[in-house]
Structure formats: C-alpha cells, structure tokens
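Trainee: Use these hints to put chain B with the ligands onto chain A, whose structure you have.
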Amino acid sequence: MSTETLTIGKALNLGLRKAMEDDAKVVLMGEDIGKLGGVFRITDGLQKDFGDDRVVDTPLAEAGILGTAVGLAMRGYRPVCEIQFDGFVFPAYNQIVTQVAKIHARSRGRLPMPIVIRIPFGGGIGAVEHHSESPEAYFAHTAGLKVVAVSTPPDAYWGIQQAIAHPDPIVFLEPKRRYWEKGQVDVDATPDPLFASRVVRGGDDVTVLAYGPMVKTALQAAQAAAEEGRSLEVIDLRTVSPLDLAPVFDSVRRTGRCVVVHEAPVTLGLGSEIAARVTEECFHSLEAPVLRVGGYDTPYPPSKLEEEYLPDLDRVLDAVDRSLGF
Amino acid sequence: MSTLSQTTEVVDPVPGAGAPHLPGQPDLVQLLTPEGERVEHPDYSLDVSDEELRQLYRDLALVRRWDVEATALQRQGELGIWASLLGQEAAQVGAGRALAADDMAFPTYREHGVAWTRGVDPLHVMSLFRGVDQGGWDPVATHFNLYTVVIGAQTLHATGYAMGLQRDGAESATLAFLGDGATSQGEVNEAMIWAATFSAPVAFFCQNNQYAISVPIERQSRVPLYQRAAGFGFPGVRVDGNDVLAVLAVTRAALAAAREGQGPTFIEAFTYRMGAHTTSDDPTRYRLASELEEWKLRDPIARLKAHLSRSGIADAGFFASVDAEGDELAARIRRGTLEMADPAGTEIFDHVYAEQTPELVRQREEFVAYHAGFEGEGH
Ligand SMILES: Cc1ncc(C[n+]2csc(CCOP(=O)(O)OP(=O)(O)O)c2C)c(N)n1
Ligand SMILES: [Mg+2]
Chain A
1 MSTETLTIGK
11 ALNLGLRKAM
21 EDDAKVVLMG
31 EDIGKLGGVF
41 RITDGLQKDF
51 GDDRVVDTPL
61 AEAGILGTAV
71 GLAMRGYRPV
81 CEIQFDGFVF
91 PAYNQIVTQV
101 AKIHARSRGR
111 LPMPIVIRIP
121 FGGGIGAVEH
131 HSESPEAYFA
141 HTAGLKVVAV
151 STPPDAYWGI
161 QQAIAHPDPI
171 VFLEPKRRYW
181 EKGQVDVDAT
191 PDPLFASRVV
201 RGGDDVTVLA
211 YGPMVKTALQ
221 AAQAAAEEGR
231 SLEVIDLRTV
241 SPLDLAPVFD
251 SVRRTGRCVV
261 VHEAPVTLGL
271 GSEIAARVTE
281 ECFHSLEAPV
291 LRVGGYDTPY
301 PPSKLEEEYL
311 PDLDRVLDAV
321 DRSLGF
Chain B
1 MSTLSQTTEV
11 VDPVPGAGAP
21 HLPGQPDLVQ
31 LLTPEGERVE
41 HPDYSLDVSD
51 EELRQLYRDL
61 ALVRRWDVEA
71 TALQRQGELG
81 IWASLLGQEA
91 AQVGAGRALA
101 ADDMAFPTYR
111 EHGVAWTRGV
121 DPLHVMSLFR
131 GVDQGGWDPV
141 ATHFNLYTVV
151 IGAQTLHATG
161 YAMGLQRDGA
171 ESATLAFLGD
181 GATSQGEVNE
191 AMIWAATFSA
201 PVAFFCQNNQ
211 YAISVPIERQ
221 SRVPLYQRAA
231 GFGFPGVRVD
241 GNDVLAVLAV
251 TRAALAAARE
261 GQGPTFIEAF
271 TYRMGAHTTS
281 DDPTRYRLAS
291 ELEEWKLRDP
301 IARLKAHLSR
311 SGIADAGFFA
321 SVDAEGDELA
331 ARIRRGTLEM
341 ADPAGTEIFD
351 HVYAEQTPEL
361 VRQREEFVAY
371 HAGFEGEGH
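First to last, the protein sequences are chains A and B.
Under this note's numbering, the first residue of the first sequence carries the number 1, and numbering increases by one thereafter.
Under this note's numbering, the first residue of the second sequence carries the number 1, and numbering increases by one thereafter.
If we strip away everything but chain A, and leave its shape as in the complex, we get (with noise of 0.2 Å):
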C-alpha cells in the first residue's frame, strides 16, 4: 500500500498525469495550462513531461476548446477541456449544450463523446466578478451530459481518471477554494465507482446532502451540531448528474428529515431536484418537508459580503433547527 498525503490540487494533477500515461489518446486543452500549469497549476510539469501537443494551450477562446475537443472526439482522442474559471463556461455553453451533449445520441452510439470538462467552481476566494460561480444545475438539466463534483483528495486523484476513462461527456467540478486541503490517497486502493454517492459521515437525527465545497461544511455542522448531542448523517452526493440517490433514500427512511445545501441559488437548484425525489420516495417516513440551504437567488455578491451569501456552518445547523422543529 503506498499512501501520500496530497492536496485536492495535487491529487488532481497527479490523477492528470496517469491518465495521460495510461492512454496515449489523453489530450489536455486549456487556457494557460502549458508553461502557467494554469491559474491553480492543476496542470503543473505537465506539458514539461507529456510535450506540447498533449497539453495545449489553446486560443483564448472557449467554444473553440470544446467545438475542437467535439472533433478530436470524432477522431478518438480523448480532450480533456480546462475551463480557467466558471464563469468562463458559458462562451462555450452553445458547444457544450447543443453540440456535446447531442451528438452520441443523434449518431445513435456511432460517435461517443468522452470529454471531460474540468471547472474549478464555486466562490469562497475573495475573487472578481465571474470567478465564484456554481453553474451545476445547467449542465445537470441537459441531457446528454454526466456531471460530478469532487470533494476529497483521493476522489480527486481517481476521480479525474475514471471520468477521462469514462466514454460519455462529464463536466467535472473542482471546488477550487478546496484545492489547498490536504488528505490521504492511497494510490494503490480500488476507487469507489464515479457516480455513487457515500455516507461520509453516520448520523440519526437528520440527513444533510452535500457535494464539492460543501461537503466540508456540512460536516463542520454535523461536528458542530453533535457537540450539542444533535447526530447529523453526511451524505457526499458525489455524483450531480446522474443522481445516486439510494443511499439518500436509505439514510432519510431513518432519520425522517434531510437537509440539502449547496452554494449554488436554491431556487431550481439540484436541492430542488432532491427535494422532489425525496418526497416521492420518503413521503411516509418524512417528518418535516426536505429544507435547502445555498445561495440567494442574486448574482454573486462582491467578495466583501460573499461570506453572508455563501451557506456555512451556521445556516446548515439553521436549517437542522428548523427540520427538527417540525
């Protein structure tokens, strides 16, 4: 067993290289991911050791990175699209939406599209404009695409390869104010398999879901909320699109109370989605109506107030009072 500690960034990064080791048809596309190894250096040494024509640095286009990796998909290369940051996505959203997530259908099997579209999202870095979005909940509405978000270091390490490895389009989230946070991989493990959510976390009183940077909160208010003798069961999503929402139906038949936060708006929100399921399929053992906690339904505040826009340990353990007042 050989086990690092590695941050989400590196994890990445080296998830990243044995990919491209792995598969010769492995092909990084990017803005700034060369020499730069991109703004979060996700792409660090790579195009060093890999050679300029694995790790591009592209145009500074968008819907060119990804109408090209459509293509280069046709020709059995397998791009792998960094977004610099998510509000960049969006020049390539018409590409992404109407083009990759259409084609494996519309040729009827005959052109898989195995593209990764890696987005480092969310806010929390006292950033600009355009830099802190959670844009999940488009891609997760169209059909076609697969969507996850990674919270952990080795979720990262082999995340990044099952999803590169994986024959259809996945917009892979990287929740960068995470990317620093340390955690043990062991390089030799069998992965849990990519779209399956997990229990990170045991608890009775209520189910709090979560996926990407809130996955630490959550469970900051599940330690928080047991010093107060409240037992919290954490569920990491994982998975945004497809949803994997056994487990969740399991742990709420148990608890009778869930507790969905993300940071993106709440309104049509994957919390809206969750909430909708859950009903359906726990109505009789719920005990109080499925709560969201995630961002106001307002463009993404200026850096100076995204703490009170941002949900955190308090209104996760606010909206915990509130289920359990039901």
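Bear in mind the hints are in silico, worked out from the structure with no lab data behind them.
Just so you know, even glycine gets a beta-carbon here, dropped at the ideal spot from N, CA and C.
There could be a bad hint or two in this list.
Claimed, not checked - Pairwise CB distance ranges (calculated):
{"no.": "1", "chain 1": "A", "residue 1": "Asp192", "chain 2": "B", "residue 2": "Val352", "range": "54 to 60 Å"}
{"no.": "2", "chain 1": "B", "residue 1": "Ala331", "chain 2": "A", "residue 2": "Ala189", "range": "57 to 63 Å"}
{"no.": "3", "chain 1": "B", "residue 1": "Thr284", "chain 2": "A", "residue 2": "Lys25", "range": "32 to 38 Å"}
{"no.": "4", "chain 1": "A", "residue 1": "Asp22", "chain 2": "B", "residue 2": "Ala331", "range": "55 to 61 Å"}
{"no.": "5", "chain 1": "A", "residue 1": "Ala189", "chain 2": "B", "residue 2": "Val223", "range": "31 to 37 Å"}
{"no.": "6", "chain 1": "A", "residue 1": "Asp53", "chain 2": "B", "residue 2": "Ala369", "range": "54 to 60 Å"}
{"no.": "7", "chain 1": "B", "residue 1": "Gly119", "chain 2": "A", "residue 2": "Gly45", "range": "28 to 34 Å"}
{"no.": "8", "chain 1": "A", "residue 1": "Ser272", "chain 2": "B", "residue 2": "His371", "range": "30 to 36 Å"}
{"no.": "9", "chain 1": "B", "residue 1": "Gln356", "chain 2": "A", "residue 2": "His141", "range": "22 to 28 Å"}
{"no.": "10", "chain 1": "A", "residue 1": "Asp192", "chain 2": "B", "residue 2": "Glu218", "range": "42 to 48 Å"}
{"no.": "11", "chain 1": "A", "residue 1": "Ala143", "chain 2": "B", "residue 2": "Glu218", "range": "38 to 44 Å"}
{"no.": "12", "chain 1": "A", "residue 1": "Asp192", "chain 2": "B", "residue 2": "Leu297", "range": "56 to 62 Å"}
{"no.": "13", "chain 1": "A", "residue 1": "Gly76", "chain 2": "B", "residue 2": "Gly233", "range": "54 to 60 Å"}
What the hints assert, rightly or not - Per the computed footprint, the stretches of chain A lying under chain B, defined by three or more beta-carbons under 8 Å from a beta-carbon of chain B, are:
{"no.": "14", "region": "36–47"}
{"no.": "15", "region": "58–67"}
{"no.": "16", "region": "85–93"}
{"no.": "17", "region": "138–146"}
{"no.": "18", "region": "190–199"}
Mentor: Just chain B with the ligands now, with coordinates in the frame of chain A:
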C-alpha cells in the same frame, strides 16, 4: 480616408524590435521615439500645445502612481487582486484623451488609465478590486462603461451602442477596448462583422501587450493583429502603444472617421505588460527577464519626459510638482481604500431587477431576520 490607409513608410523600429520574439515593425506609427525625439508621420499629424503635452505627461505619471499604490495595497492585503496597467499608460491615456465628452468608452478590466481620463474617481475603481462593489461608477455620467471581465463581451456592446448613436444621428463614436488574447474570441469577431456590416461608428482599440496571461501573441494570431481588419473590410493600423502622441493621433483619426460615417477602424496599440497579469500571477513561469529589460528601454513615460525636458517644454520644477501631486493622489487613494466601508449585506437584493420580485423580497426579509438572530453574539 487617407489618414487611415495603411502606410508603407518605414519608421525607426523601437529598440529591441528586431529581437527574435518580436516581429519587425515596418508599419508602426510613431511620433515620439523611445529616446524622446519627435518625428513626423505622413498620415498622422498631431497639433498639441505645450500645455497639452504637459497635461499628457501629468496623466501618465499620475496613472502610474495610482497603479503602483494599488499594487502595494494589494500586497498589504487591502485589495483582493489588482490588474496592473504598468507599461500601458501611454496606450490608455492616449486613447482616453482622444475621446470627445459624448463618446462612449467600453473598457476591459485593465483600463484604469482610460478611467482616469474620463474623470472616474480612482476609488470607484478600487472598490471593485477591494470586493465592495461589482460595478463601481456611473457609466452614464462618465461615458465610461463598467469594466467587463468576460473577455471580449464588451466589443459587441460598443458596437451596439454605436449603432444606437447612428440611429439617433448623434455625432459621437464609441471606443471598444480589448486585449490581444481577446481577438480570438468568437464574440469579438462577431463585433467586427457587425461593425463592418452596419458601418457603425466604433473604433476597436486593441492593446497588444504581447500576452494573454501566460500565452504569447503567437498563439492567437499568425499575422500582425491590425492586418486582420482588412478581412473584415475596414482599416487597421498599428501604433506604437508606448508613444502617447501617436496613440492620441491615431485614435483621434479613427474616432473622427467613425463620427463622419466612415465606419470602424481597428487600432493595434503595440505595447507590453510590464507587470504580472494580475497580482495573482507569476510571470517568471513563462517569460524571460531579458524581454522585460528590452521593453524598459521603450518606457512610455520616460520618453515623453525626455522630450519635454529636451525641448524646454517642462523644467525640473514641473516634474517635481507632478511627483508631489502623485504622492498626494496615492495618499488619497490609500486613505480612501482603507476607509471604504463594507457594503450592507441587504444590498445584494436591492438592484437585481428594475421591478423587485416578491420572492426576493421574501429572501431579503429572511436574510435580515437570520442575521438579526446573531446580534450581540459578536457575529
Ligand atoms: C471568457 C473568458 N475566458 C477566460 C478569462 C480569464 N482571463 C482573464 S484575463 C485573460 C487574458 C486576457 O488577455 P488579453 O485579452 O490579451 O488582455 P490582457 O489581460 O493582456 O490585458 C484570461 C484568459 C476571462 N476573463 N474571460
Ligand atoms: Mg494581452
């Protein structure tokens, strides 16, 4: 119009222009050499009074002083980030001073020098980088649009605004700012197509500072950027972006042509980003120090200073007074930044719509009640 036709005149290349990473510069419009010598150009003449020359120097020096102070404030943790304009002062001041009062400018996120010429309070610009505001100033009153971070988007807005001017029979034009990297964006190319098709009174002012973060211009274009304009059907011109006089002359001509109904012009201001892309960037990872050294020889402020002193237009007393004014400005910016109040949390709900929605009213009330619950807890 003859002033906008491409010139074949060979002017002195700026020092270092023959270095391997830089293309030759036969078409560069220059009125002031890097050594500060005033030269003539067949297509672009410039009538400036001594007083105007001193004013231009003052603009350049003050804008740089502001920029240096902002970088220091960021280092001290008072700004989240700063996008420095170091090295691009002449491009920005020259372009900004070419604008008439009713012309409308559409900046990127780096045009602090243009903001200055439009009378935007530097503190309003600082508020964006301190993270207390997403807009900053009144774009209507200042005729200086809000900064646009999404690369290239503003070029379409500038074109549409120009189409509005055209419909209204207004004798004004717009100036769309963009970077070299931005020229690759589909939206920028659409803007140029629209501008050409509708003969919109817009000029595209591209600061080719040689890099889009780490990516050199060669990744964006195989031809000099100004030559692209020909493909869209309007004139393109490359100007020495470190020569405030040439930039002023070329931009004035482009705006005049636009106002006269001759449609768009593409201006490539050939310059160099002397600093990092932003304070978050580390340029040592992708460019050589020797390149920076070469460009230092073409400093936009030093050359105007040399010209002013050599020709006796300004004396040591003048330069000292500008320095003193710069220090005062920096002190005011520092004080104002440190004193900038954090916005009230409820502000995020207040201007989302022209007509507020019941749902946002509800969320706002919930927000207030939630935060009131913490009062007295030291939150
Ligand atoms: C659509 C979009 N993609 C990516 C970015 C991230 N980004 C910010 S500045 C920049 C480089 C811009 O280069 P250039 O147009 O040359 O302008 P400069 O910064 O050099 O002034 C990039 C890639 C962005 N802001 N918008
Ligand atoms: Mg540039």
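Trainee: Each hint needs a verdict: does it hold in this structure or not?
Mentor: Hint-by-hint comparison with the structure:
no., hint, in the structure
1, A:Asp192 x B:Val352: 54 to 60 Å, "violated (40 Å)"
2, B:Ala331 x A:Ala189: 57 to 63 Å, "holds (58 Å)"
3, B:Thr284 x A:Lys25: 32 to 38 Å, "holds (33 Å)"
4, A:Asp22 x B:Ala331: 55 to 61 Å, "holds (59 Å)"
5, A:Ala189 x B:Val223: 31 to 37 Å, "violated (52 Å)"
6, A:Asp53 x B:Ala369: 54 to 60 Å, "holds (58 Å)"
7, B:Gly119 x A:Gly45: 28 to 34 Å, "violated (47 Å)"
8, A:Ser272 x B:His371: 30 to 36 Å, "violated (24 Å)"
9, B:Gln356 x A:His141: 22 to 28 Å, "holds (26 Å)"
10, A:Asp192 x B:Glu218: 42 to 48 Å, "holds (44 Å)"
11, A:Ala143 x B:Glu218: 38 to 44 Å, "holds (40 Å)"
12, A:Asp192 x B:Leu297: 56 to 62 Å, "holds (59 Å)"
13, A:Gly76 x B:Gly233: 54 to 60 Å, "violated (40 Å)"
14, 36–47, "holds (count 3)"
15, 58–67, "holds (count 6)"
16, 85–93, "holds (count 4)"
17, 138–146, "violated (count 0)"
18, 190–199, "violated (count 0)"
Comparing the model with each numbered hint stated earlier shows that hints 1, 5, 7, 8, 13, 17 and 18 do not hold.
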